[in-house]
Every structure is written in structure tokens, then in C-alpha cells.
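Undergrad: Protein chains in written order, with the working numbering: chain A, 1 to 406; chain B, 1001 to 1406; chain C, 2001 to 2406; chain D, 3001 to 3406.
No lab work stands behind these hints, which were simulated from the structure alone.
Just so you know, these numbers come straight off a predicted model, no measurement behind them.
Some hints could be false.
[To be verified] Anything over 10 Å on all C-beta distances counts as not near chain A; from chain C, calculated: (1) K2030; (2) M2048; (3) L2050; (4) L2085; (5) K2140; (6) A2170; (7) R2181; (8) A2355; (9) K2395.
[Said to hold, decoys possible] Result set (DSSO-like, lysine-lysine): computed pairs, CA atoms no more than 27 Å apart in a straight line: (10) B:K1221 to B:K1003; (11) A:K221 to A:K178; (12) B:K1140 to B:K1005; (13) A:K140 to A:K178; (14) A:K395 to B:K1221; (15) B:K1140 to B:K1178; (16) D:K3003 to D:K3030; (17) D:K3289 to C:K2395; (18) B:K1395 to A:K289; (19) C:K2003 to C:K2178; (20) D:K3395 to C:K2289; (21) A:K3 to A:K30.
Where a beta carbon is used, it is the ideal one built from N, C-alpha and C, also for glycine.
Number of protein chains: 4
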Amino acid sequence: MRKGKTGVYFIGALGSISITVVAGALALGKKLAPPLGMVTGTDIFDAMDLVAPADLVFGGCDIRRPDENGRDIFDRIAPVHPAILMQIQEELRDYQRSIDTGCSRNCGEAIEKLAGNAACGEETLRAEIGLIRSRFREFKQKHGLGEVLVVNLASTEPPIEIRACHGDLAAFEDRLDKNDREAVRASTLYAYAAIAEGCPYINFTPSNGALFPAMVQFAEKNRVCVMGNDGKTGETLVKSALAPMFSCRNLEVMSWEGFNILGNMDGQVLDHPGNKESKLRTKDRVLSKILGYAPHTHVGIDYVPSLGDQKTAWDFIHFRGFLGAKMSLQFVWQGYDSILAAPLVLDMIRLAELAGSRGEFGLMPHLASFFKAPIGVEVHALHDQFQLLLDYAEKFRRGGIHAVSK
Amino acid sequence: MRKGKTGVYFIGALGSISITVVAGALALGKKLAPPLGMVTGTDIFDAMDLVAPADLVFGGCDIRRPDENGRDIFDRIAPVHPAILMQIQEELRDYQRSIDTGCSRNCGEAIEKLAGNAACGEETLRAEIGLIRSRFREFKQKHGLGEVLVVNLASTEPPIEIRACHGDLAAFEDRLDKNDREAVRASTLYAYAAIAEGCPYINFTPSNGALFPAMVQFAEKNRVCVMGNDGKTGETLVKSALAPMFSCRNLEVMSWEGFNILGNMDGQVLDHPGNKESKLRTKDRVLSKILGYAPHTHVGIDYVPSLGDQKTAWDFIHFRGFLGAKMSLQFVWQGYDSILAAPLVLDMIRLAELAGSRGEFGLMPHLASFFKAPIGVEVHALHDQFQLLLDYAEKFRRGGIHAVSK
Amino acid sequence: MRKGKTGVYFIGALGSISITVVAGALALGKKLAPPLGMVTGTDIFDAMDLVAPADLVFGGCDIRRPDENGRDIFDRIAPVHPAILMQIQEELRDYQRSIDTGCSRNCGEAIEKLAGNAACGEETLRAEIGLIRSRFREFKQKHGLGEVLVVNLASTEPPIEIRACHGDLAAFEDRLDKNDREAVRASTLYAYAAIAEGCPYINFTPSNGALFPAMVQFAEKNRVCVMGNDGKTGETLVKSALAPMFSCRNLEVMSWEGFNILGNMDGQVLDHPGNKESKLRTKDRVLSKILGYAPHTHVGIDYVPSLGDQKTAWDFIHFRGFLGAKMSLQFVWQGYDSILAAPLVLDMIRLAELAGSRGEFGLMPHLASFFKAPIGVEVHALHDQFQLLLDYAEKFRRGGIHAVSK
Amino acid sequence: MRKGKTGVYFIGALGSISITVVAGALALGKKLAPPLGMVTGTDIFDAMDLVAPADLVFGGCDIRRPDENGRDIFDRIAPVHPAILMQIQEELRDYQRSIDTGCSRNCGEAIEKLAGNAACGEETLRAEIGLIRSRFREFKQKHGLGEVLVVNLASTEPPIEIRACHGDLAAFEDRLDKNDREAVRASTLYAYAAIAEGCPYINFTPSNGALFPAMVQFAEKNRVCVMGNDGKTGETLVKSALAPMFSCRNLEVMSWEGFNILGNMDGQVLDHPGNKESKLRTKDRVLSKILGYAPHTHVGIDYVPSLGDQKTAWDFIHFRGFLGAKMSLQFVWQGYDSILAAPLVLDMIRLAELAGSRGEFGLMPHLASFFKAPIGVEVHALHDQFQLLLDYAEKFRRGGIHAVSK
């Protein structure tokens, strides 16, 4: 039995993905759309008693202020039919008005430029963490929530240099005590605060400041579920489905060139080399892990404003087969970034809530298929990653597993 | 221990795939190219003691006569580097000159037009089968072979209407006795003759006249290994790798439109509606079997002479995700048909030879991943099919399995 | 000086193109969108004093009845921003309610199936023409219009067999008198009625029953402007822009394969072989006329319901260059059919109105760039066709040309 | 009447384009292939009495040494049928052995790394120019040539900063006298030397060090024909054919993103930011010049070794039409760089030879269609550029023009 409703606190709560998650939960609640795109919407997960999207309470913080303009909603979730949007627009605006002002500490110039008057004025890192924790508590109390989960949907930060202190919890705590601002990014503070408050934490971004080894140790110590990094929604999803085919046929991938163009705020931020760097690190790794060797590869990401949320990717795969003959496969992916990401966020909220309620803690490897760079998982082919989730679900279907009280 | 060399008899021995198989075995034997494109060329299969491609002796029959023109070889295997071709051209010409005249009984107008003076003059079906069997025996004796495998690489026949007699061996034998020419196509006669001679038989074509249930019963009765249908080399290969991705993400495939253009003799024959029909049947089935529902789908095949052996396919996949948003994935496959098919033929020859030597018989379900429509196998996702082969290979790697004497 | 407002009568007035034309005129009138996509929206045509879209009065007939469902408008013009649609939906619904019941005489099974209770009950062709003429007059009187133009936007009919009577006005009049129903399609009756009433007539469809030579003679005799056939909006537009490039470089186009998929009612009708035939005739001709030789070419059109109005075309162009090397160009066109067509319809209405007011009559060759198969024009490269329009416009810019009273 | 044979001296004589030009002239001379890809191979130019490719004598210099390996020829001109290559390989090797050692003065690190022992040891710029001039003279004398043309086919240099001295011949001569090495690149020295020797000069590269205004003044002063810059062979060719289509339809190009991948030495050099910069300058300009406004545009070039000479480009064009609807056109160009470039080089040699023989001098604007950034020409649409060439040819067809003696 759940004690009260479940809350979800988004870092980056006014971004397109957050808005789409909330819109989706509203639309599903009103039966305006089927749960397509949501993995947990299939009957495989029926035996699990996952929390219903409509029973979630959403909140969060953002460094931007909500757009008061009524047109905004239609533009932000453009691919959704206006007839649906009209029936949820009031609640969506209420959600937007409820958002806290976020903190952009150490996020790089691209993000900080977007932050008008972001609230990061505390004197010490510990004080900032304290402020963030109080926000989580306020959200919980205000809505009388049994539990709060925290999901990082903020813009990608530049990668933080991983030093010895990030590998050991004690060393990292010391850096916080010493107020070493070089050792953290905003994502670090939010992740730390979430775990300190006992909130399951999901890092949907490639930002590596959130779930480095010391932070995972912190989660284990506090018996909190965490998982990341970088939601796998588009080009990399296709990559992880297609690359194994070449192995199955002993075809040598000589080159795999990918070009991504997109026009949402994610694209705008990724247009800055520092922030792009984080993304490319998680994208580039997948291929050589699946193939077992490193083909010539390049992943380009360009900001093309006219595309809005419609990410378009062209991948050119040059491969060699029998008797050295060269052949090619190209694909063009045209998907709405937030539309693809939002249902996965709902999936992970539901599965993390379940894991938490059952007393699981630390990393959640069965969520590997949702991430470009799943932490602690050495399985990269989509099919094999999905099998981890099916195996997890299978235990419930067999009936032997029940919720465990904390 | 193998008794003598292993022979391979091709139906359609002057087609591009056959020529490429022979060229490949020659080039591999001379170490002119690595075994790319050949699944059994990976170290997974090292423990199996498969017959080396260079140890195979090739022969076969064709309804066409070999081109005496020297330029022919370069054109037929165009994507192979001329430096390789120059070193094998003499042996390739010898092979071409050794080919028997084939029979085109009941293959449809498109194929029969290609057959100049094909040898099908026997009075009864039993006599024709007897003639074919004698060809197999002559080939075996001439080269002192321990075993002969038969592979159907002939042009696609129009589908035969499957009647009650095709479902029961006794009924079918009766039809042969009664000389019922409507019950057979050329592929039927060759398959029957192979099995009667104890030769493992592979149907690489979509022609359904070869391995209907009565024929499989005949193989089981004669303790002969058989498998088919329709080698999976291009568009359908990609389909069976990609379609599961949509299931993994609960994305609804609304439409999957595929357009294939190609210019080799296969394309020329498939330009005839009857012959094309066979192909479309095996191609179309895959999708709904993997997805569990039938999206709007169309597979077009057009003959474009300028492309030669380079099959080009454009697939447009229209799918629906969260909140009903429509998105798309397109791919363009540009592969050389014969270059892709030939190593799979070698794979299956090697694996069928092994199976035969171990006393296995009947269908070989572990070869499912090689076929568009694997007989007797209800597994359609490429990854799952490949797992069947890995499981088979795994038994050898564990060391518990040895060759069984017949 | 124009005498009263100008009316536009659409055959196929409830189709997507008609609806989009009306929506566009409304939106332009309310300054909700710039005149993009409309050639006459550029300043080249400023000197011409063309009738403003907002000053047009629209009506027409259709074999279907209007959808009374409010959701309809959003679905029909899906690519238009809902904020625009909300401001014109009332007027759009008024327009839809005003539409006459049309006649589907002899249009082929595909169209006739769509026609519920289409009004074609007259006893003779002459009587049917009379009925149609009376509709035109009623429309003119009801709105006090100075002039009415008629535009054929109906679904594509199967091609009519062009006989001797279609080449000579007297012979054709005789066929009408003799009530020879084989000599006409619905498009014939509407075109004849329009010309008889002195209404400029545009055939935006590939239907060849409208403007055969005898009909053009009738237009010349009655001093009425006419033009057709088949609006050039998508794949063929690109073709006529790209094909000259190959000529400019002396590159030999060996094959040009085009695959079109679309899901609107046009697609549904074109799914029938008879109706598709009309379309393919106008599409196929373009290439060989531009290149001066006939490459291998195939144009496929498939109905894919999920695409709605978004026509998607893949074209594969295989060409040969220096030393016989084969290369390729592919393109994928993703355009909304009605969005592309509607502004061209407005262009032609404006230009035909001008031509009529100046006393021009017969064919309007300066409109060639708008058509796939411009009647009486032997210029097929897009650029050269556009030059005809620029030359026409240039006369006005030079100031030497003024409206001529009839 | 020509006095003796015509010589062609290539800067970059061992590059793929040069080799292909020579191979092409040989093959055309032996009637092994038709003159496809060569604009002057069409009958439009029949009246011009252009020099036959087979009558050209080729030489040149390169900073690399010829590959002595016999396999080289097949790899360098891979798309040409081996049967053709076998008949010209001896002469091609003779050509390669005849090449002078070139100079890589000031060409940027990427090129200089390729130059083993390039001969640039002279003390002053004037001395280096003198050395180059002597090479041109030696080539002329050795073969008893009536005239020598110089074509720059060397790798792209980083752009030179255009200063005041590049705009005025006297100022530039002063810089040479003062031995100001910052004012020149290797291309400058070769262009100057060619003009000084009275050799028509073509700059097929984007290097801006060759034909700045002062150099054009030098050509006019010496009455020598020159033209450049940057041969238009692939993506930009398509751009200049397609972009006008959007203007013709008043469709707003919002974004035009282009990604080029290639694997020849050109690609290798362009992988260096400095050298790539030159290329992007000439590529980027075309679009805004044709459209009259600047869409969001990005041109990426990546080095993908496995592709060799097969340049592949994906362009994504996002455009807005009627009522603000967004649509797209994508194209994929797969062409062999040298195969496309070589015949244009032959075209320009033939046309420059004619112009020189007729006493024309200075820029040759009728060659605009061959260049990405034609100097002194404000016409950018392919069709309009081609018209300049047709107009030039038309004068000959009318018979009014004859060769003028110098």
C-alpha cells in the first residue's frame, strides 16, 4: 500500500520534456490518448501494480520563468493534436506557474545566459544543498505526498573533470565541507540533495556531474534508488538496434557517420562546444561497445532553429562484406525529442517508485535500455538491454514477488 | 573424419550468387580476402571443425549457357577488386564450363524465356527425377566426393498452389506416380532428387515448390537435412533487426513501405507478376510476425537494369508515439545482392555438412537467421533467430559434442 | 475597373485543396500569415493590380457532403498553426455549408463510390450542362459577382480515350447533341459549361476529359481564357528543376525511379489503377521532354493512410558520367499536398482574372510553370517555364500595358 | 590553325583529378568511352573546332612522388571499368613518372606534411617564380608545344588574408620585390608564373591565393585568359540547380544544412580547419546569392577514409510555405569527385585554348557554370550560368565568329 500520492520533482521543469510528461499524464488520466511510447504501457507490466501516471503530482524548478503567453502550450507540444491540448491547457498552465526558481551554479556559459535571476545566492555548497532539500520538503508537504522522486531534465552541462574525490564518498564529502566549487555542478547539488532526502533520482541528461561513483556510494549508503545517464530516444536508440545486425552477419562497419540537427532549447545549449562535449561522450561510446572494435565514427549535432523539437538525424554506415565489397546503409530519423523522451521518463518514474517501495536501492540496471550510457551495465545492444527489463518483469509475472515494506 | 571431399551442386549454377560463392571459396583458399560476411568466419564457430570453403568442390546445372566472353567475370562480380578477380578468373571459367544443362519444367514464362534448350525432355516426372539423380551421382563420382550437398539458387518460380497432396508424403508420391505435372515445379523435382540421393538440401529461394510439408516428411524419412526458404540478405534483414525496436519502445508502426530496385537477373525475373508474388509472400510476413499486429505495408520490387547487382531499397516507416504524435524513420540500403548472399550460402553448406556428418536430419531450425521465412520456426526477430545459432554453436564450444558416425 | 467582386467556383469544393485555398484567402485577408508559397505574392507582380485574395468570393460543388464535425477543420489543414485556424474556422464552416451537390458522371468506380447522392439525374448531356450552367449563374447572382472563374480541383478521373471528335469542335458538339455519353466525363461537362458561360477555366487535375483540342477551340470561339493540366506541386516540380542539371553537365540519366506515398483522398482515388493512369501520364512525360531521351523510369504512387496530406516521395536517379562511372542522386520530398497546391490555385485565379479583364483568351502559356503537362507549351524545364511568366510580368513592369475593357 | 600541339601543365599532377583527366583523354582517344560528363562533348559545341582531348599533352608537378605500385591505378580510378584501365595503364604510368617535384610554399601544415622533399629552396619569391617559369618552358620545349595551359588542381590551401596589395598590381609586384612571403601562397607563385609565361590559367581549387584582383590585372596586362574559383562538381552543383526552385515558388528556405563526407586526399587535407575554411567560403556563399536572403545554413565536411573518392553529401532543406506550413526536401548525392571534376577540367582546357587562340584575355565569365565562386560573375543559379556558355557557343553556331590570329 502506498502512503499518500507520489510526487515528481523535475530539475528543468519548464523544458519541453517536463511539459510533455505532465501533458501526457494529464491526457492519459483523461483517456485522451493511449499509452503509446510508454514501455510500461504494455501488458508485460500489468502484474507490477505500477503507480498510474494520473496519480502523480508534478512540480520542480527551472532557471527560466514560465511564458505567460497562451500560445506557448501549442508551440511547446506542437505534434500533439490541438483537440487534446485544449482539454489540458489550464492544468498545464497551473503546473507552469507552480515552478520554483532553479539554480544554475557552474553550468557553463550557455546555460547561465538563459538564467535570468536564478536563485543561487547561498554562501556555501552545503547551504545551497540545504536550500534545495528544503524545496523538496516543501513540495512534499504542500501536496501531502508519500514519496518524492527527482528527475534531472535540465539542459546538458559541460562535462566536469572527474577527479579522485568523485570516486570516493568520504573524499567528496570533504570537498563539499571545504566548499570546493570546482568539484560540483548544479546537477551535483540536486543529486546530492535528492539522495540526502531519500528521493529516488534519475539522471535523464548526459551531465556527468550527477552520478559519479561517490554519488552512487552515497545512494547505496542512504538506501536510495538512482539511475542514469542520458535518455536514449533517437539516433542512439536506432544505433543500438542496428549495430548488432552487422555483428550477426560478420559485416565490418568501416565508418558510421551521424549528423543530428535539432532546434529546441536542448539544441541551443548543445551548440556550445562545452555542453556538446558531454553529449558526444555518451553517444560515441555505444558503437564500439556493441561491435567489439572501433569503426571510424563521427557524431555531429547542429542547432537548426526552424526544426524546433523535431530532431532529424542522418546516419551513413559504410560496411565491408564478402570479398572486400563496400556497401552502405543510411537512415533518417525524424522524431520529436520530447515526445520520445517523456513516456520513458514516466516509465522510469513508475519503475523507480516500485523499486523504492520494494526496498531496492543503489543502481537500477534493469533500466539500462532507457539510457545511452547506463551506469554499471556492460550490455549495449538494445535487445539485450531490453531483456534485462523483461527478466525483471518476469519475476512479477511469476507471482513470487510482492512489495516489501521499507 | 570426412570420407573424401565435399561437393556442392547448385541449381542455377551460372547465376550471380553461385559464381560469387565459387569466387569466394577460391579467394578464401588463396588468402586473397578475409572471411567477411560469412557468419561461420567468426571465432564463435572455431570449435566446430567446419569444412573449409577451399575444400569444397563446386558444380551444378543451369538453364542458360556460360558466357564465353572474358569480360563477363568482371561484370558479374563487379564490386570485387580486379586484382582479386585476375587471380581466380581461370578457375572461375573452368567452373562455368563444367555446368550441366538444367531443367525449367513449369517455372513460369519469365524463366522459360531465358532457357534456350533446357533439358527437360523426359516422358514422366519419375524419369526426370531419375535424370537429375544421375547428374548428382555423376558429379559425385567424377570428383570422388564423400558427400554432395544441393543448394537451390535458381530464379524465383511463381508460387505453386499448395494442395492436400503437398501435405502428405504418400499422397505426393502418388501424384508423382500419376505424372501429375500440376503438382510440381522444377524446384520440386530437384529437391526430391536431392533427398532421394541422401544429399542435404538448402532452398535459398522463395520458391514454395521445394520444401512443402510432404517434402520435409520425405527428408525425415530419408534422414536428410533440409532447410529454407529465401535467403535474408538485404531489406528484410534490416527489417528483422529494426522492427523489434518499435516493440521495445511501445511505438505503433502505422505503415512500413518498402521499395526495392535492382537490375540483375533476379530483378528481371521478379519483374513478372507471378514470380514477384513468391518473393512478396516471404517478405511481407516478417513484419506482422515480429510486431504482433499488421501495419499498413507494401513491398515494391522494380527491375532497374542500370543497377546490376546493386540492390537499393528505400523503406519508410511511419510510427505513432506518445500522445498520438507521428514520426518517421527511413532507411536506404545499398548492397550487392550476390555479395551478401554468397557467404551465407557458404555458411549453410558448412553447417549442413556438419549436421549431416553428425547424423542430424529433417529441418535445421538453427539456420533460421539466414532465411526470410524459416520453415518450422516461429522466431522472426533477427536477434532471437541468431540466438538459436549461438545456442547450437555453444554446445560445441562446451566440448560435449562430437561428430556422430552415420 | 472591376465590375463587382470576383467569384471562384470549385469543382471538388470540399477537397483539401479547395478548403486550403479558402482558408488561405481568409488568413491573408486577416493578415494572419504572409503570402508564402504564392508566386504572385512576390513584388515582381506588384505592377499588375491583381485581385486581392481577400476580395474573392468562393463557392463550388462536390459529390461529398460537408463534415459537420467541428474537429474536421483541424484535421484537414493539419500543418497550419491552430492559432490561425481558430480565427477562421467559422467562415470556413460557412463556406463548406454553401457547397452545391456535384455530378460524378462517368468518373470511374473509385470516385463514384465516394459520391453518395450526387446529382446527375438529367436525361441528356445537354440538360446536364444546362443544369451546371444554371449553378454558375446562381452563384454569380447570389453574390452579385462581376465575374466567375471555374477551377477543377476534383479527384482524378480515369483517362478518357481521345477520339477524332475531341479534336474538332463541330464534331464534338455533334456528340453532345447525340448524347454520346462515352465521349465525356464529368470534367468535360463542367469545362464546357464554364466556357459557355464565359467563365475562365483552370484544370488543376490530370483528367484529360476537360481541355482536349475541341474544348480549347470552344474557348477560343467564346473568347474565354483556359489552362491546364495537372498542378505541379511536388515530385514533378523537383524533377523539372533537377533534370536540366544533368543536361547542363552532359551526365546520362540511366534510370529515374520515383515512389510517392500519400494518404489523402487524392491518394485514395489514385489507388485505383484507372485513375492512377491519368496521373502517371502527366508525370512520366516530363523527364524525356527535358532530357531529350527516355531513361528507364517508373513512377509509383501508393496510398498510405497514416500520412494524410503529407505526400512523401523518394526519387532515385542513377546517372553515368565520365568514363562510364555510375553515380546516384536521391531525394526525399516531404510536402503537404494542399499547402503546396492552394497558393498556386490563388496565383492562377489572379492571373486568369487579369488575362480575362484584358481581353486575352484561349490558352495561357505564361502559366506553364504551374502545370505538370502545360497544354500547348513545349517548354518543360522549370526555369524556362518560369521565364515565360517573368516575361509576361515584365511587360506590366515596363508600364506599357493596361487593362483592356472587354 | 594551331601551331603545334597544346600542352596542359597541372599543379597537383598526381592527384586523383589530374590522373582522371589524363586517363579520360587517353580513353577518349582510343574510343573506349563516350565523352559523357564533358559539357563540350555535346553537339552544341561542334561548330567551335575545340582541341581534341587526345591531342593534348599532359605534364605537371606535385609535392608527392608517384606510387610505383601497379595496383595504384585501379585504386585511384576505381569507378572505371577494369577493361578500360588495362588498356591505358602503361601510358598512365608514363605520365606519372614524368611529373616534376612541386613546391608547397606557405600551404599550411596539412599540405606540407604530405610534401616529402618538395623543391622550394630558392632564396627569393622572384627566384621561385623564375624556377617555376623555367619548368613551364622546359615542358613546352620538350614536347614542341604550340601553347601550354596551366590548371591548378592542388590541394586546397588555407585562405590567405586579402590585403591592400592584393587589390593593385603595382603594390603586389612591390611585395614580390620585397620578398614578402606573407603575401603569397604556392598557388600565387604558380599563377603568377603562368601568366608571366603567357599561359592561360584555370584555378579549379577554392584557394584564394591564386586569382585575387591584382593577379587578374596582371592577366589583363599580359593578355592572358584566366578563370576560377573552385570547380562545381557535387553538392554545390545540386544546390545551384535546386535553390532557384524555391524562389520560383516563393517558398522560404528557413534552413539548408549540408553534410559532406569523403575519403580522398582532398578530404584528408580539408580535415584541417585552415584548409576547410577556404572550401566553406566558396560553398556557403552560393545560397544567399541565389535566394536573395540568408537562410540558416551550415556546411560540414568530414574525412571518412573508407569512402575514397566517392563523395557523399546529405542536404536537408527546411522550407516554409503557404500559411506557415513547414516542409522539407532532402537529397543524398553519391558521386565520384574526380570523375565529376575531370571532364570539366577538359572542358575548360578546350574553351580556354579557344579563347586564347582568338585573342581573348582576362576573365572568362562564360565559364561561370563550372565554378562554385566564379570570379567577376554575379550569376549564381546554374541555369543562368549555363546560359552564359550557351550564348557564347551560339555566336559560333551562327557562323559569325572565327579564330583570330594573335
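Undergrad: Hints the structure violates: just list their numbers, smallest first.
TA: Per hint list: 4, 13, 14, 15, 19 violated.
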